[in-house]
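Go ahead and model the full structure; you've got the sequences and the hints to work with.
As they're listed, the protein sequences go chains A and B. Under numbering that gives the first Met the number 0, the residues of the first sequence are numbered 0 to 499, in order. Under numbering that gives the first Met the number 0, the residues of the second sequence are numbered 0 to 490, in order.
Honestly, the hints are just simulated from the structure, not real lab data. All residues carry an ideal CB built from backbone N, CA and C; glycine is no exception. Be aware that one or more of the hints could be misleading.
What the hints assert, rightly or not - Covered by chain B, per the in silico footprint, the following chain A stretches (three or more residues, Cβ under 8 Å): (1) 142-150; (2) 396-404; (3) 425-432.
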Amino acid sequence: MNILLLLPEIILAATALLVVLGDLFLNRKGLLTIISLVGLATSLIFAIILAGREPQAIWQGLLMADRFATFMKLIFLSLAALVILASADYVKRLSHFHGEFHALILLSVLGMMLLGSSSSLITIFVSLELASVPLYALTGLLKDQRGTESALKFVLLSAVNSAVLLYGLALVFGFTGTASLSGVASAVWSLTANEIWSQPGLMFGSILVLAGFGFKIAAVPFHLWAPDVYEGSPTPIALLLSVGSKLAGFAVLIRLLLSISVPVTPPGIIVEFFTPLAISHDWGIALAVLAALSMTIGNLSAIPQSNIKRLLAYSGIAHSGYMLIAVSATSLAFSGLANGDVQIEALLFYMLAFAMAEVAVFTAVTVASQRVGDRIADYAGLGRRAPVLGIALTIGLISLTGIPPAAGFIAKFYVFSQAAESGLWWLVVIAVLNTIISAYYYLRIARLIWQGEPSDGAPITSGVAPKVALFIGAFGVLLLGVLPFWGMKLAEFGAAIFLP
Amino acid sequence: MTGFLSLIIFAPVLGAAVIGLWPRLSVRGIRLTALTACLVSLGLSLVLFIQFDRSGGVQFEEFLNWIPSLNVHYHLGVDGLSLPLVLLTTILSFVAVLISYQINTRIKAYFIWFLFLESSILGVFCSLDLLLFFIFWEIEVIPMYFLISIWGSGRKDYSATKYVLYTLFGSALMLAGMVCVYFATGSFDIMALSAGGQLLIQTVLPAAPLFLLLLIGFAVKLPVVPFHTWLPDAHTDAPTAVSVMLAGSLIKMGGYGMIRVCVGLFPTVARDFAPALIALAVISIVYGGAIVLRQTDLKRLIAYSSVSHMGFVLLGIFALSQTSLTGATLQMVSHGLITGLLFAAAGLVMHNTHERAIDRLGGLARQMPRAAVIFIIGGLGALGLPGTSGFVAEFTTFLGAFSSTEVAGIKIAVLIALLGILLAAAYMLWLIQRVFFGPSTVRFDGIRDASRLEVFYCGILILTIFAVGLCPAILTGAVQNVFNNILRLLT
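Shown next, in the form of structure tokens:
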């Protein structure tokens, strides 16, 4: 086993510790931002250097170092850097907690990265906790009444969720006798359909696991925490939750649902990474129903919202639905119910597009909220007070709606066409109708930004760092939309390991 | 000549970029930049029009791989069908920029959105790849939404939102249709598909539902009754220049799409559905025309007349004969010019009198004679006076439809549709009489008449109307060859 494969994670952990130490000795807290960014960049560079390697199992298959893991690492590391850039001004509101803020973000991202490469039930659970626990603290970091309430809700609900998930994982372990995904898969694949039904514990366990990750990705009906938590948490943390936490959930879901066949040590022996969920043909349909519910309920609930963060939370729930379409199409295709060549590129490309758009939108909200608060009505005339901010926010909203030339259009097109290819026509119809519903509330905000009369004409200024994040988000959205080639190459790179 | 079409399409975007990125550009500078950008497009499209080889075929093609994994190409080109519409769009945009000189709030943003609008419309007419076509089609929604909702009047929020939701509804179905075509054939290439695609498509999927999915998207835009209710609201509440673009150029995307995609890809399905669609066309013509008579608002009246006139386009398309399709294309161009002129003149009247209710206007011919002449010429064009483009277009359409052998019972439909001309004469003459003749209103004594600039841009449109009316061969020469391919597939 090669410890070097874990270099990105090790560097990240070291950076987090360095930030905590630095917080004790450094007077200029701005340096903490720089240390974190340098650490993230170094980790990113090593992740890229290690990207070309053959897939390898680490610690007897507890973790996998493969291209999918690398893809997720790239997303999480860039996201963390953007979150830190976006909050460069915002952290001044946190009187004492500069060190904690940065260190906790880094640790949480470390957890997400490990989630992306977990290939054992145990590492899945441990990394999930590592990703979540820092987020509890971050949510309540503002220490005001609403933040505390949010943090408490988040902790309690997450604790329940962890219990459910752990129970599910334990049941699966109990019925298959192994914790590694490959072992679970081969145990399950040795059973016939009737035998699986005669082991209700296994089915029950699988359902609990699915529910556990449904909570992470905020899919209906496990979504109720999201609006409350987003509303009270610092805005950059809402970004981390809405992209990082969600995509980490999807990463595990994909690993659970799809097969991978890679040589593990000792070389020569092929171990099939099959999983319990993949064996049941019904999972594809169950996920499709979850997708339909998430989209519809997410979008409909977003319409009456008057708080921008709550609205974005519901919009995020809807986007989980869109992404679940891709997962469901893939798992149908995988279980042989649909055309075989449906792959997860579409989902990965959607992740990229969604992440970019969310970065643009949440960064704009972060900067704006320091002056105008979170009420949507107060965003009137924002475009006049801060044109760059307004443009980035508008581009982000257009992308979330899915109107060209923004990336959201290509992403949705890609996902919907895959769903259509696997015969999920009814789901595509629902998704398209949902896109129209969502246009109503996204464009309403866009109009308000440009049309409304500002209550206060003073320009909104921000430092350079949030502007960089805004630019990367908005420009990335346009670049992915106009020249999707590079994004698709990256998505294909990440998806390649799932080729049968 | 690679890049020629791209330059026509993206010159306005470049202008928008200059306006957007040049800090402290003066109002005059902004207007001049927008005008220059439109002038570049107009000049190049005139060159295109002159250089175009009338003997047919797709010309000025550009072909680049764009999204290889989806087999999407950046494929542009013009043929006899898109050529007149490109020229129409650039002419109208040029005129609309001049009209927009009267905009005086948030000028920078206005011209940026306006130039984006022009680019997206031009892109639709030049795209030969279904997905590229769709992308340009969708981009148009955003500028339109902002142009109506910020610079409009009346219930502008309502109208803008209604416009967006109708368009998105139609385009969502259209996209579904395109995706199906893609799955059936693995190709987005319009030319390859229409060269024999239907056989290919039919082997995998039933063609009729696909045809209907695509058709609804275009029918919303054209608009066809019963999908027309967005149109009067959007036209009425949009600023004058945007009404000109909307009525003049944008709704032609619907007719263009029907010919290019619906009829082009599915000629025999189009023939199967033709009786129903011709019935809808007749309803649009007569119902639209009848409703115009009841209008009390100047702009709303002209807007509703579009519904009636677009019925002629639908009739011409689904009569499916060479002459009728040529007529439909001519009617799109002619209606674009005439309605553009009418909206410009109505804008003139409204801007100077601050009044848009017809019953409170009257006798304006004495107070603003130049505006009256402009409006009357537009009105006469709309009712199809010989010599104007309106006559040529409607005559060709009716002649083609009447003599068409593809659709049973079309002669009766045409006879009913002729009522539309009668109605057009009725509402136009009545409108002119109510607004410009009769006892003059004291309140309007001494109001400003059309300025030299306004006479200039209306003059451009008037000249074009008469040019097409007196010498239709400049268009028909290019247009009629296009339909050979489509009609060959029918036999």
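Examine the region 425-432 of chain A for residues whose CB is less than 8 Å from any CB of chain B, and state whether their number is three or more. With 4 residues close enough to chain B, the hint holds.
Cut-off 8 Å, C-beta pairs, minimum 3 residues; does the coverage of the region 142-150 of chain A by chain B stand? Since three or more residues must qualify, the claim that chain B covers the region 142-150 of chain A is violated, with 0 doing so at under 8 Å.
Can the region 396-404 of chain A be counted as covered by chain B under the rule of three residues or more with Cβ-Cβ separation shorter than 8 Å? Holds: 4 residues of the region 396-404 of chain A have a Cβ under 8 Å from chain B.
Violated hints amount to a single one, hint 1; each of the other numbered hints is respected by the structure.
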